[in-house]
Amino acid sequence: MRRLIIPLVLCLWASLSQATPDAALVRQLAAEDSSDKVAAIRQLAQAADPDAARILKAMADDSLYLAGDKAVILEGDTAFDAASGAPIATPANPEAVTVNNRIRGELANALAALSLFDADRAVRLASAQKLQNNVGADMAPLLARALEKEADADIKALLVLAHAQASLGSADPAVRLAAVNALAETSSPTVKSMLQPLTDKTAESDEKVRFAAVAAIKAIDGRLAIAENLGRVFSGLSLGSILLLAALGLAITYGVMGVINMAHGELLMVGAYSAYGMQSLFRAYLPDYVDWYLPAAIPVAFFTAALVGVVMERTVIRWLYGRTLETLLATWGLSLVLIQGARVLFGAQNVEVANPGWMSGGIELLPNLVLPWNRIIIVGFALFVLLLVWVLMNKTRLGMFVRAVTQNRAMAGCVGVPTARIDTMAFALGAGIAGLGGVALSQISNVGPDMGQGYIVDSFMVVVVGGVGQLAGAVWAALGLGIFSKLLEGWAGAVIAKITILVCIIIFIQKRPQGIFALKGRFVE
Amino acid sequence: MRKPLTLRVLSSLDSKSWLALGIFLALALILVPVLNLAVPEDSAFHMSAYAITLIGKIMCYALVAVAMDLIWGYGGILSLGHGLFFALGGYAFGMYLMRQAGSDAAALPAFMIFLDWKELPWFWLGSDSFGWVILLVVVVPALVAFVFGYFAFRSRIKGVYFSIITQALTYAAMLLFFRNETGFGGNNGFTDFRLVLEHSVTSPQTRLVLFGLTAVMLAATLVFSRWLVTSKFGRVLTAIRDSESRMMFIGYNPLWYKLFIWVVSAVLCGIAGALYVPQVGIINPSEMSPANSIEIAIWVAVGGRATLIGPIIGAFVVNLAKSWFTVSFPEYWLFFLGLLFIVVTLMLPQGLVGLWKKLMLKKGAAA
Numbered sequence: 001m002r003r004l005i006i007p008l009v010l011c012l013w014a015s016l017s018q019a020t021p022d023a024a025l026v027r028q029l030a031a032e033d034s035s036d037k038v039a040a041i042r043q044l045a046q047a048a049d050p051d052a053a054r055i056l057k058a059m060a061d062d063s064l065y066l067a068g069d070k071a072v073i074l075e076g077d078t079a080f081d082a083a084s085g086a087p088i089a090t091p092a093n094p095e096a097v098t099v100n101n102r103i104r105g106e107l108a109n110a111l112a113a114l115s116l117f118d119a120d121r122a123v124r125l126a127s128a129q130k131l132q133n134n135v136g137a138d139m140a141p142l143l144a145r146a147l148e149k150e151a152d153a154d155i156k157a158l159l160v161l162a163h164a165q166a167s168l169g170s171a172d173p174a175v176r177l178a179a180v181n182a183l184a185e186t187s188s189p190t191v192k193s194m195l196q197p198l199t200d201k202t203a204e205s206d207e208k209v210r211f212a213a214v215a216a217i218k219a220i221d222g223r224l225a226i227a228e229n230l231g232r233v234f235s236g237l238s239l240g241s242i243l244l245l246a247a248l249g250l251a252i253t254y255g256v257m258g259v260i261n262m263a264h265g266e267l268l269m270v271g272a273y274s275a276y277g278m279q280s281l282f283r284a285y286l287p288d289y290v291d292w293y294l295p296a297a298i299p300v301a302f303f304t305a306a307l308v309g310v311v312m313e314r315t316v317i318r319w320l321y322g323r324t325l326e327t328l329l330a331t332w333g334l335s336l337v338l339i340q341g342a343r344v345l346f347g348a349q350n351v352e353v354a355n356p357g358w359m360s361g362g363i364e365l366l367p368n369l370v371l372p373w374n375r376i377i378i379v380g381f382a383l384f385v386l387l388l389v390w391v392l393m394n395k396t397r398l399g400m401f402v403r404a405v406t407q408n409r410a411m412a413g414c415v416g417v418p419t420a421r422i423d424t425m426a427f428a429l430g431a432g433i434a435g436l437g438g439v440a441l442s443q444i445s446n447v448g449p450d451m452g453q454g455y456i457v458d459s460f461m462v463v464v465v466g467g468v469g470q471l472a473g474a475v476w477a478a479l480g481l482g483i484f485s486k487l488l489e490g491w492a493g494a495v496i497a498k499i500t501i502l503v504c505i506i507i508f509i510q511k512r513p514q515g516i517f518a519l520k521g522r523f524v525e
Numbered sequence: 001m002r003k004p005l006t007l008r009v010l011s012s013l014d015s016k017s018w019l020a021l022g023i024f025l026a027l028a029l030i031l032v033p034v035l036n037l038a039v040p041e042d043s044a045f046h047m048s049a050y051a052i053t054l055i056g057k058i059m060c061y062a063l064v065a066v067a068m069d070l071i072w073g074y075g076g077i078l079s080l081g082h083g084l085f086f087a088l089g090g091y092a093f094g095m096y097l098m099r100q101a102g103s104d105a106a107a108l109p110a111f112m113i114f115l116d117w118k119e120l121p122w123f124w125l126g127s128d129s130f131g132w133v134i135l136l137v138v139v140v141p142a143l144v145a146f147v148f149g150y151f152a153f154r155s156r157i158k159g160v161y162f163s164i165i166t167q168a169l170t171y172a173a174m175l176l177f178f179r180n181e182t183g184f185g186g187n188n189g190f191t192d193f194r195l196v197l198e199h200s201v202t203s204p205q206t207r208l209v210l211f212g213l214t215a216v217m218l219a220a221t222l223v224f225s226r227w228l229v230t231s232k233f234g235r236v237l238t239a240i241r242d243s244e245s246r247m248m249f250i251g252y253n254p255l256w257y258k259l260f261i262w263v264v265s266a267v268l269c270g271i272a273g274a275l276y277v278p279q280v281g282i283i284n285p286s287e288m289s290p291a292n293s294i295e296i297a298i299w300v301a302v303g304g305r306a307t308l309i310g311p312i313i314g315a316f317v318v319n320l321a322k323s324w325f326t327v328s329f330p331e332y333w334l335f336f337l338g339l340l341f342i343v344v345t346l347m348l349p350q351g352l353v354g355l356w357k358k359l360m361l362k363k364g365a366a367a
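Respectively, the protein sequence lines represent chains A and B. Quick note on numbering: our numbering labels position 83 of the first sequence as 83, and the sequence is numbered without any gaps. Quick note on numbering: our numbering labels position 31 of the second sequence as 31, and the sequence is numbered without any gaps.
Keep in mind the hints are simulated off the structure, nothing from the lab. One or more of the hints may lead you astray.
DSSO-like cross-link-like pairs, simulated, lysine-lysine; straight-line CA separation at most 27 Å [claimed, not checked]:
| hint | chain 1 | residue 1 | chain 2 | residue 2 |
| --- | --- | --- | --- | --- |
| 1 | B | Lys-357 | A | Lys-498 |
| 2 | B | Lys-16 | B | Lys-363 |
| 3 | B | Lys-16 | B | Lys-357 |
| 4 | A | Lys-511 | B | Lys-158 |
| 5 | A | Lys-208 | A | Lys-218 |
| 6 | B | Lys-232 | B | Lys-363 |
Please build the complete structure, drawing on both the sequences and the hints.
Below you can see the structure in the form of structure tokens.
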């Protein structure tokens, strides 16, 4: 759309404007030497009139030709004189003007600078943003003029920064000082590297500017570090909520029921494939509402995973209560069957699960700290699931029965709690919550048959660290492990961080075998 | 009066078992070389190099399974990290093989040249000496097992907790070995071996020697383990398995019993790994993956826990099935393995050996 608008606006302007660019200067655009071309481009950009924009645009589009001793623009079958813009007869054998990468970069900059004078606010804003990170010293006068004309506050702020960057190369120390002070307010790594030369004695003669530059770099560094640490804490939070989603179901099956379910990761996978299935269904039957497949996938994933859980419990796990090591082996077998089942049904390759439109993008908190929406939504979703589990376990009849069976199975049976049915229900609940976790995972990681394997060690760690039989423990352990590992990753790399965490957990369990939140009193075995 | 050690070892097996063991060794050391080298290739009785490598590999696995049975069957401790000790032994011996594969003794292994390293890391020191490497094969798994086991058993971590921590241990080690900077070849591990003690790794003679060594090692381990579990130590260990707190009240400290059998088991795994690497010709970090370690447990469970001979049978049955499935029906192998895990734990808690005993009893009752 914009491609159409810009030439339109430019044409309008062209009819209003009187002066045409110097023909010799335009001719220089087609010079043999690249440096001559660059000089011409820069000079044309200074003129800041629509004709210059038209010519440079043509050059960028590779439609600038040299015919005889005249620069012409060829558009399809019609030809124009480059300098005046008047239509002329198509020349005999026009020679294309070579545009190499250096020239192309120069053209992009010049065009961006020229669109600072565009009538459309959006175009000006985009161009000002484009100029933030690459602006040369010779653009300073142009930017100053644009600044004078500009009325919009947002664009003005951006232009001030761009102007300051451009004036860093100015010959006047006072101008440089003002520029450095203006740049001290920013927090971008490129600005920092731009200020770096000014701290050097050989490059910067004025002492005041040098001091100001050092102070400015320090200020920028401080802001960068804050943003970086905030970013790490946030990704830790997001990892923590994923761990929490993976571990909550386990906290019920293992923590509360004492069943080691090695197939828990595969229940996550079932949930993720449910999301994939819903996406395919929506694409096939409700293409208009495809963005809403995710909310629809939540109940589907819950019940599919719960169903798989019920089948697992009824056929295998029920016969192994109290024999934890055997349960471990049998559920490992179940996980192998589920993985292979997914391979047979959906193929061994990862399947593509797209983020819905409303989940893409993010909130820009600081210039170099963007919180992606999908992560924020997952943190929220984890809170929602946590609340759901808490309500189910503490406020419903089912939850009460589950707690009763956990505390004293025989007594619960005596007062009429159907213990066998409660076991199945509790296991189904744990499995269903794993399914919900799988839906969340499908939004941020690959969905494939082996996806669950990567989470099993982590989720057991969460449950073990948090303490068996404790929801609160699982929450704190998940968040703690998430944030701790992201902070560690920041300075040690992902693999070392993971190993350190595992070693820390092994040491931690030596000291507190019951986890952070040990059960006290009569519930201790 | 105590009988001398030789007599005690001799009496740990009955005469029938000694006979079986003798037949096994005769088969492995005489018949197999004859079938491989002397019988012409087109004969039906010829034993191919593939078959020898396969059986040699499975014998290494059987050795691991016996080691696992010592700790799980007799100690009641399920380790999901035995793949780590196996891989450590394999890597230790692999270091020697990598040094031999270079053009001369001073040459760096190919992957280090690829990483542009100028000299060997300190832990590769002496890896060109066969004796030192054999020492490493034993000492490294023993040391890792001792340190880990000491802390774990001292804080009385048992049951599922222990299993999960061992799984985390091998997982962490796998991640560590996957890094190129660790100095063990990263993803690719060690491969392209050429020489072992100046002989080509791939020559039929070397293959047969390695095969025979593995068979002898397996037989020796079996005798040693039988002796160990029938000794006083073994009986205390079994008693700790069945009732730890009672043994503590009587005055035994379970720590040292568990730790000893744990270290012995780790060392046996390390030796198995060292025998495995030259026969298979590759070692990489995937040997440490949790899935591999848990598969060891199923060999033992299929054969029958606390029987020593059962795990060997289990290792052979499962691995032969694996070779057959992965060639004929690759899609169904995981289904089969998964169902095996389930069926064995649900219906065959004593494994194949238990089933056999039950059938024998029934037959005896009928007669």
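Broken hints, by number = 1 and 6
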